[in-house]
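Residue numbers are given in this note's numbering: position 5 of the sequence shown equals residue 166, and the series is strictly consecutive.
Bear in mind the hints are in silico, worked out from the structure with no lab data behind them.
The structure displayed is predicted, hence computed values, not measured ones.
A couple of the hints might just be wrong.
Restraint ranges, calculated between C-beta atoms of paired labels, are given here [claimed, not checked]: (1) Ala179 to Asp336: 32 to 38 Å; (2) Ala179 to Pro240: 34 to 40 Å; (3) Ser328 to Lys227: 23 to 29 Å; (4) Gln354 to Asp289: 39 to 45 Å; (5) Val165 to Ala363: 29 to 35 Å; (6) Gln264 to Gln203: 18 to 24 Å; (7) Pro213 to Glu170: 39 to 45 Å; (8) Thr208 to Phe358: 23 to 29 Å; (9) Gln354 to Gln164: 32 to 38 Å; (10) Glu367 to Cys242: 48 to 54 Å; (11) Ser178 to Ile218: 29 to 35 Å; (12) Leu366 to Asn320: 20 to 26 Å; (13) Asn239 to Ala347: 20 to 26 Å; (14) Asn320 to Asn239: 18 to 24 Å.
We put the CB at the ideal spot given by N, CA and C, even for glycine.
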Amino acid sequence: FRQVQVDPERRAGFLTSAGLMATHANLNQSSPVFRGKFVREQLMCNTLPLPPNDLVIEPPQLDPSKTTKEQFEEIGANPACAGCHTLMNPIGFIFEHYDGIGQWRDQQNGKSIDATGEVVQTDDIDGDYDGAVELANALAGSTQVRECVSSQWFRFGYNRTVTAEDSCSVEQLNDVFRSSGFNIKALLVALTQTNAFLYRRAVELEPDANGGAL
């Protein structure tokens, strides 16, 4: 391995790394769905709605000469799919310069790549974006994303999901993270200072047949 310089107009941190792009793609092409879902769930901490139970999936016959974006725009146009996919696909389109293995591309099937997409239903970064570097910069400055980082470290550090009872602990983490200038080390230390870490809920034990506690 050797260190290389990357083009700042093409790569911006882990979000545009080849590894992340490849693990959120299909075997033979990029996946706007996987990539958009990753941003929504892992960086924004959104919970995406489940598809209707009676949904009958009938994929359209796709034109292989079209770009991935054009194909997924056809899929997302289905009213039965639009509810979820309007939250994911447009974000995924912003990563279309990266193919299935995360390699940069300017064309697909002889057509210029269109890496524009609209981000909707967020706290503070709604808007149109052209390319992943622009989106990455917006995400880095987003309060919603920064608070999601705190929640994700909470989940990882305590090996459980966040509950309503954890709201004070999560807010404490957000305050420390913010006051430290969003320093990850400070956030990790703060994880050991919350009520969720220091205390456990009392459990009432039932007596066994001999009068002892089970």
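Here's how the hints hold up against the structure:
1. Ala179 to Asp336: 32 to 38 Å: holds, 36 Å
2. Ala179 to Pro240: 34 to 40 Å: holds, 36 Å
3. Ser328 to Lys227: 23 to 29 Å: violated, 46 Å
4. Gln354 to Asp289: 39 to 45 Å: holds, 41 Å
5. Val165 to Ala363: 29 to 35 Å: violated, 55 Å
6. Gln264 to Gln203: 18 to 24 Å: The hint (18 to 24 Å, Cβ to Cβ) holds, given that Gln264 and Gln203 are roughly 22 Å apart.
7. Pro213 to Glu170: 39 to 45 Å: holds, 41 Å
8. Thr208 to Phe358: 23 to 29 Å: At roughly 24 Å between Cβ atoms, Phe358 and Thr208 fall inside 23 to 29 Å, so the hint holds.
9. Gln354 to Gln164: 32 to 38 Å: Given a distance of about 36 Å, which is inside 32 to 38 Å, the answer is holds.
10. Glu367 to Cys242: 48 to 54 Å: For Cys242 against Glu367, whose Cβ atoms are near 50 Å apart, the range 48 to 54 Å holds.
11. Ser178 to Ile218: 29 to 35 Å: Since Ser178 and Ile218 have Cβ atoms about 32 Å apart, the given range 29 to 35 Å holds.
12. Leu366 to Asn320: 20 to 26 Å: With Cβ atoms ~24 Å apart, the hint holds.
13. Asn239 to Ala347: 20 to 26 Å: For Ala347 against Asn239, whose Cβ atoms are near 46 Å apart, the range 20 to 26 Å is violated.
14. Asn320 to Asn239: 18 to 24 Å: violated, 38 Å
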